[in-house]
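Take a look at the letters that make up each chain.
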Amino acid sequence: MSVNSMLSVKDLRVSVDNKEILKGLDLEINAGEVHAIMGLNGAGKSTLANTIAGRDDYEVTEGTITFAGKDILELEPHERVGEGLFLGFQYPVEIPGVSNLNFMRTALNGVRRYRGEEDISAADFMKLVRAKAADLKMSADMLKRFVNVGFSGGEKKRNEMVQMAVLDPKLAVLDETDSGLDIDALKTVAEGINAQRSNDTAILLITHYQRLLDYVQPDVVHVMIDGKIVKSGGKELAAELEEKGYADVA
Amino acid sequence: MSDILSDTYRNQLSALTGMIPSLDDVRTRAFKKFAETGFPSARSEDWRYSDLKTLRKNIFEQAAKPHSDATIPATICKTAARLVFTNGQYREDLSDLGDLWQAASIRPLANHLMANPDRASDLVHGNDGIAALNTALMRDGLVLNIPAGVEIDEPVEIINVMSGAAEAATHTRHLIELGEGAKLTVLERFIGDDSAYWVNTIMQARVTEGAVLKHIRLQEEGSNAVHTAKTFVSVGAEGRYDTCNISLGGLVARFEAHVRLLVDEATANIDGVALAATGQSHDMVAHVDHRMPNTTSDQIFRTVAEARGKTAFQGKIVVAKDAQKTIADQSFKALLLDRTAEANAKPELEIFADDVKCSHGATIGELDAKALFYLTSRGIDPVTARQMLVEAFTDHALLRIPGEDLGDAVRDRISAWMQARVNSATESAA
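Just so you know, the sequences run in chain order B and H. Residues in the first sequence are numbered from 1 upward in steps of one, following our numbering. Residues in the second sequence are numbered from 1001 upward in steps of one, following our numbering.
Simulated from the structure, these hints should not be mistaken for lab results. Bear in mind the structure is a predicted one, so any value in this text is a computation, not a measurement. Hints are all accurate, no fakes.
Cβ pair distances, simulated, as ranges:
{"no.": "1", "chain 1": "B", "residue 1": "Asp-141", "chain 2": "H", "residue 2": "Pro-1147", "range": "40 to 50 Å"}
{"no.": "2", "chain 1": "H", "residue 1": "Lys-1321", "chain 2": "B", "residue 2": "Ser-179", "range": "47 to 57 Å"}
{"no.": "3", "chain 1": "H", "residue 1": "Leu-1399", "chain 2": "B", "residue 2": "Asp-119", "range": "19 to 29 Å"}
{"no.": "4", "chain 1": "H", "residue 1": "Thr-1363", "chain 2": "B", "residue 2": "Tyr-209", "range": "33 to 43 Å"}
{"no.": "5", "chain 1": "B", "residue 1": "Glu-242", "chain 2": "H", "residue 2": "Leu-1399", "range": "43 to 53 Å"}
{"no.": "6", "chain 1": "H", "residue 1": "Arg-1400", "chain 2": "B", "residue 2": "Asn-194", "range": "42 to 52 Å"}
{"no.": "7", "chain 1": "H", "residue 1": "Arg-1339", "chain 2": "B", "residue 2": "Asp-226", "range": "33 to 43 Å"}
{"no.": "8", "chain 1": "B", "residue 1": "Gly-233", "chain 2": "H", "residue 2": "Ala-1416", "range": "53 to 63 Å"}
{"no.": "9", "chain 1": "H", "residue 1": "Arg-1043", "chain 2": "B", "residue 2": "Glu-118", "range": "55 to 65 Å"}
{"no.": "10", "chain 1": "B", "residue 1": "Tyr-114", "chain 2": "H", "residue 2": "Ala-1416", "range": "23 to 33 Å"}
{"no.": "11", "chain 1": "H", "residue 1": "Leu-1399", "chain 2": "B", "residue 2": "Tyr-114", "range": "28 to 38 Å"}
{"no.": "12", "chain 1": "B", "residue 1": "Asp-124", "chain 2": "H", "residue 2": "Cys-1358", "range": "44 to 54 Å"}
{"no.": "13", "chain 1": "H", "residue 1": "Ala-1115", "chain 2": "B", "residue 2": "Asp-141", "range": "52 to 62 Å"}
{"no.": "14", "chain 1": "B", "residue 1": "Ala-123", "chain 2": "H", "residue 2": "Leu-1399", "range": "24 to 34 Å"}
With a straight-line Cα cutoff of 16 Å, these simulated EDC-like cross-link-like pairs (lysine to aspartate or glutamate) come out:
{"no.": "15", "chain 1": "H", "residue 1": "Lys-1370", "chain 2": "B", "residue 2": "Asp-57"}
{"no.": "16", "chain 1": "H", "residue 1": "Lys-1370", "chain 2": "B", "residue 2": "Asp-56"}
{"no.": "17", "chain 1": "H", "residue 1": "Lys-1370", "chain 2": "B", "residue 2": "Glu-94"}
{"no.": "18", "chain 1": "B", "residue 1": "Lys-235", "chain 2": "B", "residue 2": "Asp-219"}
{"no.": "19", "chain 1": "H", "residue 1": "Lys-1321", "chain 2": "H", "residue 2": "Asp-1355"}
{"no.": "20", "chain 1": "H", "residue 1": "Lys-1065", "chain 2": "H", "residue 2": "Asp-1140"}
{"no.": "21", "chain 1": "H", "residue 1": "Lys-1325", "chain 2": "H", "residue 2": "Glu-1238"}
{"no.": "22", "chain 1": "B", "residue 1": "Lys-156", "chain 2": "B", "residue 2": "Glu-176"}
{"no.": "23", "chain 1": "H", "residue 1": "Lys-1183", "chain 2": "H", "residue 2": "Glu-1151"}
We put the CB at the ideal spot given by N, CA and C, even for glycine.
Required output: the full structure, derived from the provided sequences and hints.
Printed below as a string of structure tokens:
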């Protein structure tokens, strides 16, 4: 683990409903890097994302996850967010009765309290969220609506990006954020991801296709098959996968 | 029913006889019915989810005036008038009529019946032993008449505070009449200490042509109380009755709304939220009778129960043969916060007309684990996340509450309830 290690996953084994999905996975991500994990359906990509975020029906049977030097396996999901983690959902959840604004403000204040900071004032919050929404071309009306209710697939993903921008995480794990997007939405989302890139942050993209990687250039590409990373390389690996398929590359 | 019990209530009847002469006959007939039927038992279909053994096993004398004056809680919203009862008796000295007396007529029940003996025939005798006993033993209540065309903007609050009334009961009867095109909002509040008392109350309302009555009930009885309440409302042409019953207090609580839509274009919206803490039982009944064509009704009920808490909903929609083009909807959802929590739902539709649009839905479930994870994965702690989801869940039934401050006051109570659940869970874990 290097000194600027953001995420270090070692020999991770995870079971869901007593079925082992991750079978000894290793992954090292440093600050300033963008990694992409590619793999077919059922390879365990979403399991990895959910395990990093701390979803409780994912049972870690072996291995460690260290985030910014801290063992996070014993932390609750909201505590991991407080430490600076963000999970972008493949299928963002609809929550009728809770407005998007209230949701994001409660989230941001939850993170601030975890860090021992004061709540953000209503005025400052509105300023922040309006700016982030404008960057991602999300209308003010969508901020007032119930969380993801009646949003199109693309709007839901855009909403994920606004939440990420508001929470400003150290590490964003984005689970198939590109799926279900038309080309314009994909470009907007890619801009959102690129805006999150810095020397102090890291991004883990989980994807099926190379498409997103045309707009967000990864530093490292990993190939995941049957619960393990079987090959890692530069961004040219993504193109190779697209061309030859997983069986031949791995 | 035991002899002791019926003797007790018969003595109470004798003590009341002659006080309002025009009521004597009404009382006697109602008591006869009570003596025959007794308290409803769980064997009767309409009462299968309610446990009235407290009423069957204990003797409830008529509540006396409180020894020392009970503390009357502050108002929770701007009001046009505040009408205060303590232990079921109207307290002119504690009430504030504001400017209401200039626009409307407000009288205690006894004064009204002394002045208008023939109006005793207006009194509903009710559908069971509980209502019959209320009719036989009613002592006090308010008669509110809003003349045609008069619109009262802010709510009229009727608050009853029970104090030091262990094993005592109060049977109140309110009569409300809205003239053509009149508008009124009534906020009924029920508060009490922890003694084992019984509040048995009936409100009758007549909403005439084009009038609008909004009726919000905030039931926060003490933790050992029995609360039985019924509302009987008739709605005339293009009139509307909106009610929302918030049931939070009491050990055993039951609210029934019986609404008849008598003339074309009459509307009723009947909503309710009940939160059942451990050991509590909340029962809500909504019964809408569509008598004439083009009438509309909507029912939205949401209940939440924690460990060993119990909620029930019985929603009945009857559409008469002539009531073509009726639109009637009903939605009931219950949330169980624990495996030992209980919810019962009984939707009943009796439709005799063939050109109607009626729908009903009932679901009982737990908090959505996916939604909970989504909220916590954004940095919201699990306690707050649960609170947000419960509040969002109940909110559907609160949307028709008029006035922002009243709506906020109700929402504050729901979030305080959730907070109390969290605190007690933390204490028992510690």
